[in-house]
Amino acid sequence: MAYTRKDVSTLTAAERRRFVNAMLEVKRRGEYDEFVRTHIEFYTSDGENGLRTAHMAPSFLPWHRRFLLELERALRRVDDSVTVPYWDWTRDRTATSVPWTKDLLGGNGRRSDQQVMTGPFAYAEGRWTIREGVTDGRFLTRDLGRARDPIELPTRSELDGALNDAVYDVSPWDSTVTRGFRNRLEGWGTGRGSASWRNHNRVHRWVGGAMLGGASVNDPVFWLHHAFVDLQWTRWQRLHRGARYLPEEPPGLGSMQHGRIIARHEKMPPWDVTPRELEDVSGIYRYV
Amino acid sequence: MVTGVGDVAMGGAQTEAGPARPAPGGGTRREMLRGLIAPALALALTPVVVASRSTDTGAADDGGSGGGAFDETYHGRRIQGTPVPGARAYDPEQWQVTVDGRPLHLMRRADGTWLSVVDHYGSYATPLEAARAAVDALGPGEQLREREMAHGGHGGHGGHHHTGGDHGVHA
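Read top to bottom, the protein sequences are chains A and B. Residues 1499 to 1786 in the numbering used here are what the first sequence lists, from first letter to last. Residues 42 to 212 in the numbering used here are what the second sequence lists, from first letter to last.
Derived by calculation from the structure, the hints in this document are not laboratory data. None of the hints are false.
So the derived label-pair ranges between C-beta atoms look like this: (1) A:E1513 with B:E187: 40 to 50 Å; (2) A:S1655 with B:D152: 21 to 31 Å; (3) B:R119 with A:R1646: 18 to 28 Å; (4) A:K1765 with B:D152: 25 to 35 Å.
Reference listing, derived: stretches of chain A covered by chain B, where coverage requires no fewer than 3 residues with Cβ under 8 Å from a Cβ of chain B: (5) 1666-1678; (6) 1709-1718.
Where is the CB? At the ideal position from N, CA and C, for every residue including glycine.
The task is simple: from the sequences and hints, build the whole structure.
So this is what it looks like as structure tokens:
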């Protein structure tokens, strides 16, 4: 029986509490920091040699889908009523809207050191100490909207631009492609500065603090953001019936991308699963 | 249809993830914060970059995509960078970059731009720009870790080779 993932703005008070408590318990058990480490470990950039699975690659979407399923399983071991909610950043666009409330993820970081001071993930609460950061900071940091040089969250029309691309991804399957649903959603744009930060990438930048770095998983909003990104894959499949993950076959020996990306039927590290097996998850969960 | 999707544990899910790293002592951190906040705020009001070529790096501008070595103070932070000749033809240019003496891991994008471990969702034309952006991303008083994270280990990045399953051990 498939479970549902809900818009975080629709959660009841009890659902919010149970989600937060399950997150804190996964953290207490030491399982959470393993997710942080895995995300850091699997960030391989496309200007370097080696296999890319999580970013700048076609498997950006299935990799994070599987990553979410792992976190969700850990949460459901604690409380089997819990699922990962999604944050629709095209609707909830301010630093005071959900999920930045005291009963969910807490608010913005304070000006002096970006430290999150409110909600269950505030350092002073004692249950969310950062241990696997890229800095020495022990507390969760945010800089919602980037106070020093403000930026906006991606708009609905920018997201639609990605959804309307009928091709999943194109060669050379990296951060430089200007066509294809995957990179339009992942958000490596052309040009410099703010104009080049799109969709998924832009949301990481808008949240700032921990979310801007390799240890972005330290902010629980990581999962709410990626649940919304994951929902877009499902929407895209509905919009473009029959469209599939690409590439279908691995790049050949003569290709620069040989051995550096995951084709549809190849196993996707660190898991024993292929993109093909993750294209249809309707038997596990659905979005409402 | 979805068999196999849910059966496999996370890679390296061992709970014994190596020896405990020394946690920064509260007093030390507070002292550090006291020492750094004031100059950082002062500089934020007058964002002037005080550039001073180091005399001991000995590296002239190489004209490469990353420019030459740099050593400057930016928003109260000392950022230093030196190109390191790459061992592999594919990646002829690697950089050693530090912020306040601590290593800042840089990665290269396929378009030749650079991103750092603290700013992972955008990229910059040169290592110097990436280092400045890293300073911008750090909170006041926040420092990089003394040691680099195990990072991109599965991409075969230089100096970060791992054995399978040994994820995240960087003690």
